[in-house]
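*Asks:* Chains as they are written, first to last, in the working numbering: chain A, 1 to 266; chain B, 1 to 324.
Hints are computed from structural coordinates only; laboratory data are not their basis.
The hints are all genuine.
Below, computed lysine-lysine pairings styled on DSS-like, alpha-carbon distance capped at 25 Å: (1) A:Lys243 / B:Lys263; (2) B:Lys263 / A:Lys201; (3) A:Lys122 / A:Lys136; (4) A:Lys256 / B:Lys257.
Covered stretches of chain B (chain A as the covering partner; in silico rule of three or more C-beta atoms under 8 Å from a C-beta of chain A): (5) 182-192; (6) 254-262; (7) 267-275.
The structure displayed is predicted, hence computed values, not measured ones.
Positions of the beta carbon are idealized from the N, C-alpha and C atoms, including for glycine.
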Amino acid sequence: MDSVSNEVVLDVRNLSVIYSSYGVEKKAVDSISFKLRKGEILGIVGESGAGKSTIAKAIMGIIDPPSYATGEVIFNGKNIIGMSEYKLNKIRWNKITMIFQASMNSLNPVESVKSNFMSVLKDKLDISEKGEAEMKIDEVLRYVSLPLYVKDNFPHELSGGMRQRILIALAMITGPEVVIADEPTTALDIITEFYVLSILKKNLKRSGSSMIYITHDLPSVIFLADEMLVMKNGLIVEKGPIKNIINNPQNEYTKKLVSTLNEVIE
Amino acid sequence: MNFSFSNHILEVQGVSKYFGRKGYIVTALENVSLTVNSSENIAIVGETGSGKSTLGRISCGLEKPSKGKILLSGKEIGGYKKNELWKITQYIHQDPYGAIDSLETVREILDRPLRFLLGIKDPNEKKELLIEALSSSGLSEDYLDKKGSDLSGGEKQRILIARAFIVKPKYVVVDEPTTMIDFIHRDEIIETLKNEGEMFGATLLLITHDIMVVPKIAKKVAVLYKGKIIEVGWTKDILKNPLHPYTTFLASIKPSKLLGNSKILDVLNNYGQKKQSIVSQNKGCSYASICPLADNNCIVNEPPTIEAEENHYVKCFKPGEFQL
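Turn these sequences into a full structure, and let the hints steer you where they fit.
*Replies:* Okay, here's the thing in structure tokens:
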């Protein structure tokens with residue numbers, strides 16, 4: 001908590017997302033507001049269909065028309081919602097990055113880990129000189145405790161936990177201000193899950209980035225996050241510091257969620 | 001039929017399983033023996049690649065062991081005819097999304113075991129059994145005409161449970177029933193499984209990587225590591241007093257412990273780093289390359305399985321010495 005400042009990096013105001021298909025509209029996220037402060041890890045918890053991933057998509061600007069988002073997401077004083085693709089591309093994957101759930105789908109399967117990194121470095125940081133790129137890759141691989149030989153491996157040759165750490169490294173390599181992680185560890189066994197999460201936490205602390213952590217797995221939120229939002233049917237039903245919510249939930253849904261946990265946090 | 005008077009629903013005797021071809025062999029299970037008593041649910045706990053799913057699949061006849069034998073209700077599993085076997089034992093797959101045809105109705109899905117295994121033709125009797133199966137897994141009659149694609153993950157899992165129990169089996173293998181399910185619905189699924197087992201007199205073998213879910217459903221637990229059972233006994237004993245270093249470590253992976261204890265974080269970090277550089281070894285303890293307590297003896301010799309306290313077995317030279 002001590003590393004969280006009062007500076008707001010992402011200010012979400014009355015964000016709604018409407019999915020539209022063949023003229024039928026459905027509100028997936030209903031006028032929600034929250035602030036993400038610098039260095040903060042904010043957990044968003046809820047069951048599938050609650051709208052968690054939709055928030056991530058809206059912030060990343062990847063809601064495909066005819067579906068659309070309304071409201072404001074203020075990043076560095078500018079509203080991201082409705083920003084042109086040209087401007088968005090300067091922020092997306094650079095200042096705001098995302099770690100996805102399916103590591104096998106997020107990495108290019110026919111390229112080595114090194115070339116996966118090279119394309120990011122070239123596109124986003126304009127680094128194409130080999131030696132410099134290699135140094136940068138080695139640096140981030142060390143941060144996620146991966147041996148350097150994985151550079152020459154292809155994604156399918158690595159275990160799920162290793163692939164997930166490559167995704168963390170890819171997300172952190174641009175030095176982002178905001179990282180959005182959408183269920184980054186659901187496919188992993190419990191030891192590997194917490195190992196990957198501890199590495200993620202360490203990296204965020206080191207770089208001072210803020211994170212929105214989306215999951216339905218409550219124990220991992222308690223381990224990672226400073227504050228949390230509980231969502232149901234597109235609405236925020238409860239928000240606050242983790243300790244308060246776990247030890248003293250107010251909303252009926254949150255109470256049910258917390259009762260599955262059998263834990264007390266000091 | 002030749003009934004056995006023993007109380008053992010399942011006996012696994014010296015089972016090994018090897019996968020692979022052309023000189024590249026993976027040992028999934030190595031000389032595993034396990035006895036499961038009737039109506040005493042057991043959980044098999046282990047990480048990815050520990051062999052827990054293989055053990056589950058072999059124990060219900062979905063796969064043949066490379067060595068050793070399986071006795072189900074006192075009779076060797078190979079001796080059963082297929083349709084006879086699936087009346088006694090059922091397997092619930094871990095991925096409800098893959099196990100249910102999205103174009104079929106629930107009625108069609110549940111009808112198949114009735115038709116092919118139980119040979120029930122009378123429509124009234126059928127309907128009764130269908131409704132009974134649905135209601136015991138917590139779903140109403142309205143679900144009969146829903147299609148697979150109309151069901152949520154939790155509902156799909158309930159249909160799979162209903163389909164398994166509709167034949168009133170004696171022994172049911174459940175492979176990771178909650179990994180694909182939202183956290184909030186996990187306890188409900190576990191509760192449903194437990195009730196069905198009790199209602200129909202079936203013994204469950206639950207495969208899971210989450211040791212915390214075990215006390216909710218299983219009286220006994222076996223911990224697998226790299227194809228070997230390293231600790232087995234009553235769930236209460238093992239959670240209260242884990243003796244193998246791996247079990248001790250596994251049982252402490254929860255936020256309330258991780259947040260206040262930097263020692264566990266160190267062990268976790270160490271575990272993650274060592275695990276990626278391990279070359280499989282043939283002799284010695286399977287956990288020796290990671291174990292903080294391992295000495296030369298552990299690396300060279302395989303530890304014996306000892307009964308540390310009554311009905312609590314552990315395969316370790318230094319049981320109970322590792323504390324977190």
